[in-house]
Amino acid sequence: MTLLAKHSAYKQAYDQLRASGVDPLNVRFDAVTSPTEGVIGGKPMILLGTNNYLGLTFDPDCVDQAVEATRGQGTGTTGSRVANGTYGGHRQLEQALAKFYGRQHGMVFSTGYQANLGVLSTLVGRGDHLMLDADSHASIYDGSRLGHAEVIRFRHNNPDDLYKRLRRLEGVPGDRLIVVEGIYSMLGDTAPLKEIAAVKRETGAYLLVDEAHSMGVLGETGRGLSEAAGVEADVDFIVGTFSKSLGSVGGFCVSDSPDFDIMRIVCRPYMFTASLPPGIIASTLTALDKLQAEPGLRHALMRNAHRLYDGLKAMGFEVGPEANPIVAVAMPDQEVAVMFWKMLLEGGVYLNLALPPATPTNVRLLRSSVSAAHSLAQIDTALAVFGEVGRTLGFLPSGRRRIAGAI
Amino acid sequence: MRQNTQLAVVGGTDAEASASMRNEISTIFEEVLGRPVSIRDDTDIVEDLGMDSLGVMNFVMAIEDFYDISIPLDRIAQIQTVADLMAAVESLRAGHAA
Ligand SMILES: Cc1ncc(COP(=O)(O)O)c(C=O)c1O
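Protein sequences, first through last, are from chains A and B. For the first sequence, the residue numbers in my numbering are 235 to 641. For the second sequence, the residue numbers in my numbering are 4 to 101.
Next comes chain B alone, as it looks inside the complex (with noise of 0.2 angstroms):
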């Protein structure tokens, strides 16, 4: 929830850039799935998806190579929507340009 706000904040210009984010974290869940999958903001990645805990390090490890960041374990364990993987990635990307 607290990942949810943070994201609302950033909001306005960078709408965009989160809604191209949302298609590619889209497009890596497909991948590992090897399945079609509609996600939201709210989308909740365990129940929702269906993932057990293979499913979701490989999905991780997936998008740690994609945006060419390491996403600790406890980020992991906070993470539970979409919307708080893709706080997770913007302040982990954020993080390596300072």
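Looking at chain A on its own, in the form it has when it is part of the complex (with noise of 0.2 angstroms):
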């Protein structure tokens, strides 16, 4: 017995998996050498589950500011944003966050996942309510944890269902914060906004989105759901990261609450850990300006999101509800979705494989997600690898299934 044992659970299914020839859990990249190229196993690999949603990583401006960044200011602040670790950069990216929403606050975190665990944890507390949608993001559930707020989980999706949570509420004393994501990581659909922030409006619960896949995807100038639900008003905070269409890591929170500063002393997500890099510092800033200035990459993305989306809907995989650049197919088992994955691998087409309990309702997912700087081309060559895995695993008309004889 070791203290470990008790996730023997969890060892069992991972060595399950690994025994059927693959571990997608520990995937290795020889090389990344593009936004949409790389190497693994020796073999070149088109990127399809990456969340380099504009392709910024390799951005030349990003990269310079970066190395002259790191030159000019070193490899780390080596300390906390509340001790030695603010400099002229991190409040720098805090304006700029923040004019970008059109808000007069602005803070910047060392990821996402602690943004979450910050916000969550600081904006309600013992006696408030917090309404979790039942499909959130693994930080959210971690933050609404490290918190002392009552938690209440609604349904994925589903305002009447929060309406009735909320109505329940009535005449119970406290704060109501609800907690929606702009573009849901695994299926890639949006959430209803509108009637979410009318419910809000209707019970004077407080709103937090998080854009994290929909900052620089969504809306008339990459602000997110909020923007392209037009109910930007009615969202109190947004909370995002950098690890996506920016392109590099750390995370954020735009409000316009007149008191917001106070989160700086109090908040132990943004107090207790060193503060990002100069360099990532740097090169987000560069990547938020092309953000704005390039519309374009926006268009192209929705245009690769559509080609990927249409072109596996046609062949008649099934995939989420909506066309967006997250792009999931449900595979019917897991033996099935880890033959799939390993097929693709093999032709040449890297993305992700969701397996339960990280997925909504237990499905399997194989999740793409594509980037602006994918070329139609690639797109088009990843569609005839699925089509021809779908053929040889008996998905699509005109092939036999032979998942038994494969494994």
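Worth flagging that the hints you see were computed from the coordinates, not collected in a lab. One or more of the hints may lead you astray.
Unchecked claim - Over the 10 angstroms line for every Cβ pair with chain B, so calculated as not near, a few chain A residues:
#: 1; residue: N260
#: 2; residue: I386
#: 3; residue: L403
#: 4; residue: R502
#: 5; residue: A508
#: 6; residue: G624
To be verified - Subject to a maximum C-alpha distance of 25 angstroms in a straight line, what follows is the list of computed DMTMM-like cross-link-like pairs (lysine to aspartate or glutamate):
#: 7; chain 1: A; residue 1: K240; chain 2: B; residue 2: D47
#: 8; chain 1: A; residue 1: K245; chain 2: B; residue 2: E27
#: 9; chain 1: A; residue 1: K398; chain 2: B; residue 2: D77
#: 10; chain 1: A; residue 1: K245; chain 2: B; residue 2: D47
#: 11; chain 1: A; residue 1: K398; chain 2: B; residue 2: E27
#: 12; chain 1: A; residue 1: K398; chain 2: B; residue 2: D68
#: 13; chain 1: A; residue 1: K398; chain 2: B; residue 2: E50
#: 14; chain 1: A; residue 1: K240; chain 2: B; residue 2: D77
#: 15; chain 1: A; residue 1: K240; chain 2: B; residue 2: E50
#: 16; chain 1: A; residue 1: K398; chain 2: B; residue 2: D45
#: 17; chain 1: A; residue 1: K240; chain 2: B; residue 2: E34
#: 18; chain 1: A; residue 1: K240; chain 2: B; residue 2: D51
#: 19; chain 1: A; residue 1: K524; chain 2: A; residue 2: E328
#: 20; chain 1: A; residue 1: K245; chain 2: B; residue 2: D45
#: 21; chain 1: A; residue 1: K398; chain 2: B; residue 2: D71
#: 22; chain 1: A; residue 1: K240; chain 2: B; residue 2: E27
#: 23; chain 1: A; residue 1: K245; chain 2: B; residue 2: D55
To be verified - Partner residues are not named here, just some residues of chain B that face chain A (Cβ under 10 angstroms, in silico):
#: 24; residue: E27
#: 25; residue: I31
#: 26; residue: I72
Glycine is no exception: its CB is placed at the ideal position from the N, C-alpha and C atoms.
Put the two chains together into one complex, using the hints given.
In structure tokens, the structure reads:
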């Protein structure tokens, strides 16, 4: 018996997965050479699962700024924002984010995960009520456990269920904070934000939207689902990340709440961790400029998203409810999902294999995310590989199922 | 265990009420699981009924609908047996009436 023996159920499931000859949780890239290309096991891959929505990871300006800042200011700040870890760039980025969203205040965290931990544990406390969509990201669930508010879960994307639960709280003291995501990270579906904003107004709750996957993706100017749905005035707090459309790492929160800055001295995941290094701040600032200056990136991204989504759907695959840059294909069971994923890799296409408990409602997904940097030819190649594997595994017409034989 | 004791204290006149709640809960289990179940106060919801996390969530949502309550996540985490569940439902309903 070891201390970790309590996780043996997970170990068993993992061992079983690895016994089938693949280890999707331990993929190692020999090289990543562009936003859309890499090498795994000596084999060139089209990268179709990186969240690199605008393809800015290799943008020459972002890289140059990162290099210059690193040379000029060093590799790390070696300290917390509330001690020696705030440089000019950190404040500058906070102001740039606030301005982008048209808000008074902005706060930068070391990751998006920590932004959710920090914000959710600080905005509400004992006696308050946190209303979470059931399919929320792990960082939202973890943030809800770090604080002391009562946590109530409502059915995914169901404003009526949310309303019902808020109505049950009628007369109960305490603030209410509703938390939803712009684009949900597994299925690529968006929140019904107009309806949720209406519930918020009617019940006097506050509303926080995590735009992790929708920043730079949705909305006329890339401000996310809140902008696309026309409800920015109803959204009290926006949380986001630099690790997707901005191509680096880090997280943030923006708001018009007048006393927002008090968070800087009470929000523990902000205070008790080192701040982002200057190189990251510099590339993120540059990427945020690009996101605004080059709307063409967003159009290319949506063009690619439609190409992949429509192509898979036309072939007969079961995809998510909306054409967004996250395109998820449902698999009937784990064995098929693993086999399909492995055969895509053999065909030169990398994407994410998403298995429960990381997925909602226990589905097995081949989760792809497209980038503005993909060429139509790359998307078409990926579609062709999908089609081939689909036929081989008997998903699509004119192929015989040979799963048993293949494993 | 703590909830068990609480329930026992309620006891007596509420025995009938608690039997009828057990029946209601049993029906909801059967609807969610799609098979007959037999439950007692000390039935362990995950272990004895073989529910996975999705099953538990669907079951909790169905219980919440039926009794018109929301069970906060920290309360759900404390519920292990049918008796724990009944105690939680009871106290949340009482909270609403007040
Ligand atoms: C909805 C959501 N919120 C937050 C995060 C965390 O972002 P980060 O990678 O910056 O920690 C993610 C990314 O995984 C996410 O999908």
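Each hint, compared with the structure:
Taking the minimum C-beta to C-beta distance to chain B, about 24 angstroms, the non-interface status of N260/A holds against the 10 angstroms cut. The Cβ of I386/A sits about 5 angstroms from the closest Cβ of chain B, inside the 10 angstroms cut-off, so the non-interface label is violated. For L403/A, the requirement that its beta carbon stay farther than 10 angstroms from each beta carbon of chain B is not met, with the minimum near 8 angstroms. Look at R502/A: its CB is around 19 angstroms from the nearest CB on chain B, clear of 10 angstroms, so calling it non-interface holds up.
With a closest Cβ-Cβ approach of about 31 angstroms to chain B, A508/A is found to remain outside the 10 angstroms limit, as its non-interface label requires. With a minimum CB-CB distance of about 26 angstroms to chain B, G624/A clears the 10 angstroms threshold, and the non-interface call stands. Distance hint between K240/A and D47/B is fulfilled; the C-alpha atoms sit about 19 angstroms from each other, no more than 25 angstroms. About 37 angstroms separates the Cα atoms of K245/A and E27/B, which puts this hinted pair outside 25 angstroms; it is violated.
The straight-line distance between the Cα atoms of K398/A and D77/B is roughly 20 angstroms, inside the 25 angstroms bound, and the hint therefore holds. Of the supplied pair hints, the one linking K245/A and D47/B holds, its CA atoms being roughly 24 angstroms apart against a limit of 25 angstroms. Between K398/A and E27/B, the direct Cα distance comes to roughly 21 angstroms. Compliance with the 25 angstroms bound is thereby established for this hinted pair. With a CA separation close to 9 angstroms, the supplied pair K398/A and D68/B stays within the 25 angstroms bound.
Simply put, K398/A and E50/B have alpha-carbon atoms about 31 angstroms apart, too far for the 25 angstroms limit, and the pair is violated. Straight-line distance between C-alpha atoms of K240/A and D77/B comes to about 21 angstroms, which keeps the hinted pair within the 25 angstroms bound. Distance hint between K240/A and E50/B is fulfilled; the C-alpha atoms sit about 15 angstroms from each other, no more than 25 angstroms. Our distance criterion of 25 angstroms between C-alpha atoms is broken by K398/A and D45/B, whose separation comes to about 31 angstroms.
A distance of roughly 31 angstroms separates the Cα atoms of K240/A and E34/B; the hinted pair therefore is violated under the 25 angstroms criterion. Under the criterion of a C-alpha separation no larger than 25 angstroms, the hint pairing K240/A with D51/B is consistent with the structure, at around 19 angstroms. Of the pairs offered as hints, the one joining K524/A and E328/A holds, with about 16 angstroms between alpha carbons and a cut-off of 25 angstroms not exceeded. Distance restraint check for K245/A and D45/B: the Cα-Cα separation of roughly 29 angstroms exceeds the 25 angstroms cut-off, and the hinted pair is therefore not satisfied.
Taken as a hint, the K398/A and D71/B pair is honoured in the structure, with Cα atoms around 9 angstroms apart against an allowance of 25 angstroms. For the given pair, K240/A sits about 34 angstroms from E27/B by alpha-carbon distance, which is inconsistent with the 25 angstroms threshold. A C-alpha spacing of about 17 angstroms is found between K245/A and D55/B, which places the hinted pair at or below 25 angstroms, so the restraint holds. The beta carbon of E27/B comes no nearer than 19 angstroms to any beta carbon in chain A, farther than 10 angstroms, and the hint placing it at the interface is violated.
Taken as an interface hint, I31/B does not check out: its beta carbon lies about 16 angstroms from the nearest beta carbon of chain A, beyond 10 angstroms. The beta carbon of I72/B comes within 7 angstroms of a beta carbon in chain A, closer than 10 angstroms, and the hint placing it at the interface holds.
Of the numbered hints listed earlier, those contradicted by the structure are 2, 3, 8, 13, 16, 17, 20, 22, 24 and 25.
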